[in-house]
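Engineer: First to last, the sequence lines map onto chains A and B. Position 164 of the first sequence, counting from 1, maps to 164 under our numbering, and the rest follow consecutively. Position 243 of the second sequence, counting from 1, maps to 572 under our numbering, and the rest follow consecutively.
Each hint should be verified, as a subset may be incorrect.
SDA-like cross-link-like pairs, simulated, lysine to any residue; straight-line CA separation at most 25 angstroms [unchecked claim]:
1) A:K310 / A:L296
2) A:K310 / B:D411
3) A:K123 / B:L572
4) B:K575 / A:E229
5) A:K320 / B:T437
6) B:K421 / A:R254
7) A:K241 / B:D422
8) A:K320 / B:L418
9) B:K421 / A:W236
10) B:K488 / A:R312
11) B:K421 / A:E258
12) B:K557 / B:A606
13) B:K421 / A:E229
14) B:K421 / A:I234
15) B:K488 / A:E185
16) A:K320 / B:V415
17) B:K488 / A:E305
18) A:K241 / B:A425
19) B:K421 / A:D238
20) B:K421 / A:R237
21) B:K488 / B:R523
22) B:K421 / A:E319
23) A:K310 / B:V415
24) B:K421 / A:Q260
25) A:K320 / A:E258
26) A:K310 / B:A525
27) B:K557 / B:V369
28) B:K488 / A:Q301
29) A:K241 / B:R565
30) A:K320 / B:D416
31) A:K310 / B:A486
32) A:K241 / B:G564
33) B:K557 / A:E172
34) B:K375 / B:R602
35) A:K320 / B:D411
36) A:K320 / B:A425
37) B:K488 / A:Y308
These are computed hints drawn from the structure, not numbers from a lab.
Listed here are the chains, written in short residue letters.
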Amino acid sequence: MPRRPLLEFEKPLVELEQQIEQIRQLARDSEVDVSQQLQQLESLAARRRQEIFQGLTPAQKIQVARHPQRPSTLDFIQMFCDDWVELHGDRRGNDDQALIGGVGRVGNRPVMLIGHQKGRDTKENVARNFGMAAPGGYRKAMRLMDHADRFRLPILTFIDTPGAYAGLEAEEQGQGEAIAVNLREMFRLRVPVIATVIGEGGSGGALGIGVADRLLMFEHSVYTVASPEACASILWRDAAKAPDAAAALRITGRDLLELQVVDEVLEEPSGGNNWAPLESGEILRAAIDRHLDELLSLSEQQLREARYSKFRAMGRFLEKTSQDVEKAA
Amino acid sequence: MSLFDWFADRRKGQYVANVKQEPDEGDGLWSKCPECAQVVYLKDLKLNASVCANCGYHHRIDSSERIALIADPDSFQVLNADLAPVDPLGFKDRRAYADRLRESQASTGLRDGVVTGLCRVEGIPMGLAAMDFRFMGGSMGSVVGEKITRLIEESTARKLPLLIVCASGGARMQEGMLSLMQMAKISGALERHREAELLYMPLLTHPTTGGVTASFAMLGDLILAEPKALIGFAGRRVIEQTLREKLPDNFQTAEYLQEHGFVDTIVPRTQLRSTLANLLRLHGCKPMELTSA
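All chains should be built: construct the whole structure from the sequences, respecting the hints.
Structural biologist: What follows is the structure, given as structure tokens:
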């Protein structure tokens, strides 16, 4: 059965799939040879799907990135590891469900896996706070990364959050401090860190597990400095301008590759990761293996230096030397 | 409307008209305290570090006033003043980013929202950054991130303690993800400063929020704050919308953060220089000459 048409722009695809299904049914019942028509329709559907997904606007990409059936951190972990053990708690009184982690083997390498976790349905989303981690989540993540550092386990992080949780308790417990400490301490790590934006990367809440040697991003994932909704209501004074903000903020993989924020954009199966989760798992797995091989060939010192230089180079500005100024004058 | 109401209304109107005759903060000589409504001679206010002598309200000050309050006279050596912003995304909301930049530059005389350099405090050399809230709300874009990072690196190389005066609404949205990445860049430089066992103190002034709070503002060995400064990660309105309830009145003030363990000490501005010098001395920093940058 075709999936529910959750996104407006997917509707023509779902209708095509339904037609195909009907013809199949017809063929089964009447024993007419329709293989040629079927083939035509199927290739048409594939072509349409490709067209639609290649032409997605940034606002539409956000919808794909937030799709409830898009593979989540735990889905990728299930695809990668047979021996995964989830590890709980920040040792300060909290075990955040929106930011999870644990150890497992990817291929034959034991690694630390950490990521934001959204829910599939309303009930799970309430438990997981829609993937918005509290300070305890960031402190748990840091505790696990320190652990990985001690036992020389490479770290894989999976970014998928609308943002760090904004609430009274989060402020009281120091949301800013929790994220800040992660940003600083991740520069200290002596093991490779590969971060992948698998869904939406929401601002500081994403960066809190995102200071990595390699930042990968799926084709339809987005990474934003502020949610387009918030940006629109602040800069446009109109939350309805969110699609305009989404375009202006340059949040797609291609944009961020150009701005040298992201190292690699991973192509998604036609129609997005939710159409073929297993295939998306293989794509990510292959990319991680490739980058890990490269990173593990570096010494710990080289690794840390390279991580520093990578972030050190980020930003665009003009530097006028006094000579330039003289020339201009 | 009764006749009585009509008289009351009329009186109200006259009262407002009368008030307009009095000096207000717009005329350049006098300033009215937004807290206690006391009207003071502007010169007197400046002499008291822009702190209301009546109620202790800390008026907002700009980066040059801040530096003058901290650095010994004539000791400040500016660094990287020639870094200028660009418009990397070609960003335009209701107005173009390039226009907003030009306007801020014209009204402040600064190229971007932070002034960095080396100075001495009661003779003790120190790296100093002062964010300027007038420049697009002190927002952090590439130039702010780069200048602060260079200052940290310079301080590390010279084995100097460091003070960053925070005054910022957070990351500058108009530079997109490049702004967010400044948080990581600065934090990385601070890691090296810390590794070298050097003292770093942020001074949180009104307001310190968003991406600045979630990076260098909260990474101090010691975290200082000005009285009543607004300090937080998320905006009050956002939180009220999430919770659908009123927040405590003192929520996200310096005092509230101190109660919850995130601020070491609240320093009234009039005591800023002496407090800094004392803390520096207590951490083994000694007066000495500062070779030029």
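Engineer: Indicate, hint by hint, whether the structure satisfies it.
Structural biologist: So, going through the hints one by one against the coordinates:
1. A:K310 / A:L296: 17 angstroms, holds
2. A:K310 / B:D411: 23 angstroms, holds
3. A:K123 / B:L572: Roughly 19 angstroms separates the two Cα atoms, so the pair holds.
4. B:K575 / A:E229: 23 angstroms, holds
5. A:K320 / B:T437: 19 angstroms, holds
6. B:K421 / A:R254: OK: B:K421 and A:R254 at ~20 angstroms, within 25 angstroms.
7. A:K241 / B:D422: Measuring from Cα to Cα gives roughly 10 angstroms; hence the hint holds.
8. A:K320 / B:L418: Roughly 21 angstroms between the alpha carbons, so the hint for A:K320 and B:L418 holds.
9. B:K421 / A:W236: Holds, because 10 angstroms separates the two Cα atoms, which is no more than 25 angstroms.
10. B:K488 / A:R312: 20 angstroms, holds
11. B:K421 / A:E258: Given pair B:K421, A:E258 holds - Cα atoms ~19 angstroms apart, limit 25 angstroms.
12. B:K557 / B:A606: At roughly 23 angstroms apart (the allowed maximum being 25 angstroms), B:A606 and B:K557 satisfy the hint.
13. B:K421 / A:E229: 16 angstroms, holds
14. B:K421 / A:I234: 13 angstroms, holds
15. B:K488 / A:E185: 21 angstroms, holds
16. A:K320 / B:V415: OK: A:K320 and B:V415 at ~12 angstroms, within 25 angstroms.
17. B:K488 / A:E305: 20 angstroms, holds
18. A:K241 / B:A425: 16 angstroms, holds
19. B:K421 / A:D238: Given pair B:K421, A:D238 holds - Cα atoms ~15 angstroms apart, limit 25 angstroms.
20. B:K421 / A:R237: 14 angstroms, holds
21. B:K488 / B:R523: 11 angstroms, holds
22. B:K421 / A:E319: Holds, because 23 angstroms separates the two Cα atoms, which is no more than 25 angstroms.
23. A:K310 / B:V415: 20 angstroms, holds
24. B:K421 / A:Q260: This hinted pair holds, its Cα atoms lying about 21 angstroms apart.
25. A:K320 / A:E258: 24 angstroms, holds
26. A:K310 / B:A525: 21 angstroms, holds
27. B:K557 / B:V369: Holds, at roughly 21 angstroms.
28. B:K488 / A:Q301: 22 angstroms, holds
29. A:K241 / B:R565: Roughly 22 angstroms separates the two Cα atoms, so the pair holds.
30. A:K320 / B:D416: Cα-Cα ~16 angstroms, so holds.
31. A:K310 / B:A486: Status holds; Cα separation ~20 angstroms.
32. A:K241 / B:G564: Holds. A:K241 to B:G564 sits at ~20 angstroms (cutoff 25 angstroms).
33. B:K557 / A:E172: Within the cut-off at roughly 16 angstroms; holds.
34. B:K375 / B:R602: Measuring from Cα to Cα gives roughly 15 angstroms; hence the hint holds.
35. A:K320 / B:D411: Holds, because 5 angstroms separates the two Cα atoms, which is no more than 25 angstroms.
36. A:K320 / B:A425: 23 angstroms, holds
37. B:K488 / A:Y308: Given pair B:K488, A:Y308 holds - Cα atoms ~19 angstroms apart, limit 25 angstroms.
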